[in-house]
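Visitor: What follows is the residue order along each chain.
There are 2 protein chains.
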Amino acid sequence: MPRSLTDWLFGTPLASQDEEDQKVGVFAGIPMLGLDALSSAAYGPESALTILLPLGMMGLNYIGPISAVILALLLVLYFSYRQTISAYPGGGGSYTVASENLGPKFGLLAGAALLLDYVLNVAVGIAAGVGALVSAVPALHPHILGVCLLILGLVAFVNLRGTRESGLAFAIPTYLFTVTLLVVLVIGIWKTILSHGHPIPVTPFPTPSLSPSAATVGMWILLRAFASGCTAMTGVEAVSNGVSAFTAPAVRNAQKTLGAIVAILGVLLAGIAYVAHAYGIMATDPDSPSYQSILSMLISAVCGRGIFYYITIGGVLSVLCLSANTSFADFPRLCRLIARDDYLPHAFENRGRRLVYTLGISILTLFSALLLIVFGGITDRLIPLFAIGAFLAFTLSQAGMVIHWKRNGEGRHRGHMFINGLGAIATAVALVIILVAKFAEGAWITTLIVPAFVLVFLKVRTHYGYVANETKCARPLDLSAMHEPIVVVPVKCWDTTTEKGLRFALQMSSQVHAVHIGTDAEITANLRTNWDTYVRGPLKADGRNDIPLEVVESPYRRLFNPFINYISVLKRNNPDQPIAVIVPELIETHWYQYPLHNQRAAWLKAALLLHGDRRVVVISVPWYVSPDTGTSGK
Amino acid sequence: MPRSLTDWLFGTPLASQDEEDQKVGVFAGIPMLGLDALSSAAYGPESALTILLPLGMMGLNYIGPISAVILALLLVLYFSYRQTISAYPGGGGSYTVASENLGPKFGLLAGAALLLDYVLNVAVGIAAGVGALVSAVPALHPHILGVCLLILGLVAFVNLRGTRESGLAFAIPTYLFTVTLLVVLVIGIWKTILSHGHPIPVTPFPTPSLSPSAATVGMWILLRAFASGCTAMTGVEAVSNGVSAFTAPAVRNAQKTLGAIVAILGVLLAGIAYVAHAYGIMATDPDSPSYQSILSMLISAVCGRGIFYYITIGGVLSVLCLSANTSFADFPRLCRLIARDDYLPHAFENRGRRLVYTLGISILTLFSALLLIVFGGITDRLIPLFAIGAFLAFTLSQAGMVIHWKRNGEGRHRGHMFINGLGAIATAVALVIILVAKFAEGAWITTLIVPAFVLVFLKVRTHYGYVANETKCARPLDLSAMHEPIVVVPVKCWDTTTEKGLRFALQMSSQVHAVHIGTDAEITANLRTNWDTYVRGPLKADGRNDIPLEVVESPYRRLFNPFINYISVLKRNNPDQPIAVIVPELIETHWYQYPLHNQRAAWLKAALLLHGDRRVVVISVPWYVSPDTGTSGK
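Heads up: the sequence lines are chains A and B, in that order. In terms of the working numbering, the first sequence opens at residue 13 and continues consecutively. In terms of the working numbering, the second sequence opens at residue 13 and continues consecutively.
Please keep in mind that the hints were generated in silico from the structure rather than gathered at the bench. Yeah, the Cβ is synthetic: ideal placement off N, Cα and C, and Gly gets one too. Do not rely on the hints blindly, as some may be mistaken.
Said to hold, decoys possible - Restraint-style ranges between C-beta atoms, simulated for each label pair:
# : chain 1 : residue 1 : chain 2 : residue 2 : range
1 : A       : 585       : B       : 162       : 52 to 58 Å
2 : A       : 271       : B       : 614       : 43 to 49 Å
3 : A       : 586       : B       : 614       : 26 to 32 Å
4 : B       : 322       : A       : 149       : 34 to 40 Å
All chains, full assembly: derive it from the sequences and hints.
Guide: Below, the structure is given as structure tokens:
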């Protein structure tokens, strides 16, 4: 039955209060809110090492110091967001914090940055996941983009259906990823110590054949490597936005979760840097068929290409895809917040049905697909655009917190102010470095997109204000010049849908016109005969006004224009009366039958509304096609 | 203004008779109807040579005999289609010829085969064009799929806008392609003769490093190479379908055009085979970064990589993209033919506006994009699916012609029958060879898709028959049980759209209900006050029935379900009266403003029609937002 279409495609509706049903503790909170941050370990170090590639083996010596700076920045972020959590227990996303404390424009800036960040997170997550897959199954190398789009389609479909994530679906891959990677790192460190710093890889990995003198070590290349490595920090802000999801004491639990996530991420980043350096693992060119991701080389060097290798790579792949999945929850949610403030179409706002998320999900899918296609599904090419959105949001959020403490504390919160201020400055410096270092490689795109988003937000708000002003009605109902409407029934042939339309027309008015657009002389002649016997006869017998069949000839087989012209003439001749056009519609039993009918009805309605004026009203009279043969539906 | 949206996006409408405006002669007919066939020379020989690759240099010796068989088949097709042209001067597409002579089922089979063929023609044309591009600009090699999708998007956009092809746009690339390639071939043959059969390439080309003993020459590999080479014949049928486009004498001109096309194609195929053999040019692996197309290697071997090379490759690229473009004209046209016989949704049939082609174009784009993504944009992987559709259509069309001569001639047309019969048998044999040789590589997909299409056609026809039967009305208009409708006005707040809806409701009936879905206590209280002063007051003063504001509480902020429930109760309490629901709609000045409003109205209408029954009618009352500030629109 029709109802089942939406349910089948998109799942049963969710009541608003359902969201509150599942409260989580620290153990379940880590995968739920930390997945995005933890998965960054899979591409952050790799993108830094790719930049260092021209330095040859010498470049590996710099991964240590660069990682140290990134870890220090991560620590500052931890303390800074700890405070956001306690200050905004109801959820302190960057949009909210920046809007409330820095003003709506800064809020919109943060919102635009985050929306872009979510789109990139989908693209980068999937591209990096496919990178891991291709490392394990080199035969897939020619199909990178195809596999990326396939996974994107799958994730989008799952989200359109609505995932009622059991937590378990997130927990298993996250902990699998964390534990297997930690095991690899521990074994790697152990082997390094045993071999006095010179471990022998179990499985050899490809080494790029570059002369070490290919490039000189400059500040520039180190800054660019740092900028790329900063992508490892994306996703850390998620906990601050989800405090309300924790069991009491929510703030304590959220802070513990944040601490755990940052600690695990830190250990992973440090461990990867150390072991990669010890084994001498360098990045490989993603375009070459011998491409392997850093993690793939690292795991096979430490543990060989056995079953454990495939389990670990499986963990990496699933965590990266799920991390893309988190954007599918966050993107529509942020759109809804922004729409509630009139900066995005209200269609984003309605939360009555799962279905309304469709819009956000579709837009996110479209943009991510575009990014993947433009950049060929290669993580490395997407990285320059990434991190900018995240760091802009970090900075605005921390800066907003500084103002928050200043306003609410009267000097009592100097310590808090200092920590958030430090966070704001540190992320702002990182943001500038990323922007400068990556500008030519793609960051310039970001500097166009984010302001463009903000502009759209402001335009939308202006338009809503304008329409609200124009439809404002501070006067009583106008009951002057009330006239019976003229009803027009377009007639294609004499069938039950026409009969029903005519009946409804007669029930609402005594002034009914029947119009036929004549494209075929034979059909028209036939209809005239039918009309006289089946319509005019009974009307006369019932003592009602006659309804002659008015035929508008259309030699070029056009349907809409002659009809629109007919309506125009009718309006001109009846300047005071409202005009109602009856459009019969067939409603099918099965959704897949819909394309078989109604196209003409839909076009006619659209044409009438576009060419009409306020006096023309469109009436859809449905006719239900019954599912079984024989009897007609009620 | 609203009208301009569709015009701007899709061009101004075309009158039906415009199609007849442009009649062409032979010179203009060759590019118009021969583009598809001629461009096949760019991928046919290449795909045969790719199959021969494992044989090493020895494989080159077989390209001659294989080409000879293909040329013979081409000659048979020429004589066969010459007759179709004279027998069906009004246009003898395979669908028409097979339907009329073999019966509708065979017609549908031919139609399904052709539709698939058009989709593949788009994919193969673009993939081969990008193959040429990548040969000239190897830096694009990692982006093959991206470039393919980009070109597809472009071609689709141009077609959605509607191309009023001036002929010139087709003629220049076609003749550029033909002439430059012929020049290359003549120089190549000349150099071969001068060097006694051992010309030295100007620019060396990559030679695959295969041991010549890698494979033995078997019948199997030769059959597979022949099957791949047969793709060079696709598109030859186009002239027979476009006879009506020629100036008088149409049949003579069409036959001359077909002759010219077949002659040029034959010369190109023979020339490519001869020169490639003389220079020892073999196919290269499309997955390897050193990939070059056969034509690219051939041109650079004969003439070097100078400006002439780039002009010739430019001709190849544009002809292949335009050949994809021809499918965009043929696919919707065939869909319309099939829809006219009730086998496809009628939406395909309407030719009133350019816009209706949108459906066919969108579907074609979607399917081609899918094919390109699944097969990674590599011509060689798409080839096994190609040609089957074309050869199935060839066979059915020729077989249909045999019946045609038998029926109409009473023995006078034995000669005609023989030629078409020979054509049918030759193409049938080729079809079987292609099917068997390519089955495992992808032809099996075709054997599923074509019958699936036919099944869909038959299902659609059955459904139309069923609906026509159910809506049949061979009785007079029923005027019993006529009741005034109950009109329901959903109220969000008191504004001009509500006022207008209420006015229309009062004009059509005296029984009006106003319903508010209460999601926010404050808003509801506010509305109640406004309602009493602005609505109930004036109604009382005018002596009309009171319309109290009925509030349905919705604690979970749902809008549709409570409203649908309200309507259900109303229906139950008033079993005889029709119920009309007024849905106010904002019509925007600019199309891009549409997404800002009306989402709720659209959902409400859909929900009402899906959950309603024949008694519930939906009335769209438009409110036009005026383009300028200050005054409100009329």
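Visitor: Do residue 271 (chain A) and residue 614 (chain B) keep their Cβ atoms within the hinted range of 43 to 49 Å?
Guide: holds (47 Å)
Visitor: Given a hint of 52 to 58 Å, does the C-beta separation of residue 585 (chain A) and residue 162 (chain B) actually sit inside it?
Guide: holds (53 Å)
Visitor: Do the beta carbons of residue 586 (chain A) and residue 614 (chain B) sit within 26 to 32 Å of each other?
Guide: holds (30 Å)
Visitor: Given a hint of 34 to 40 Å, does the C-beta separation of residue 322 (chain B) and residue 149 (chain A) actually sit inside it?
Guide: The hinted range 34 to 40 Å holds for residue 322 (chain B) and residue 149 (chain A), with Cβ atoms some 38 Å apart.
When held up to the earlier numbered hints, the structure conflicts with none and fits them all.
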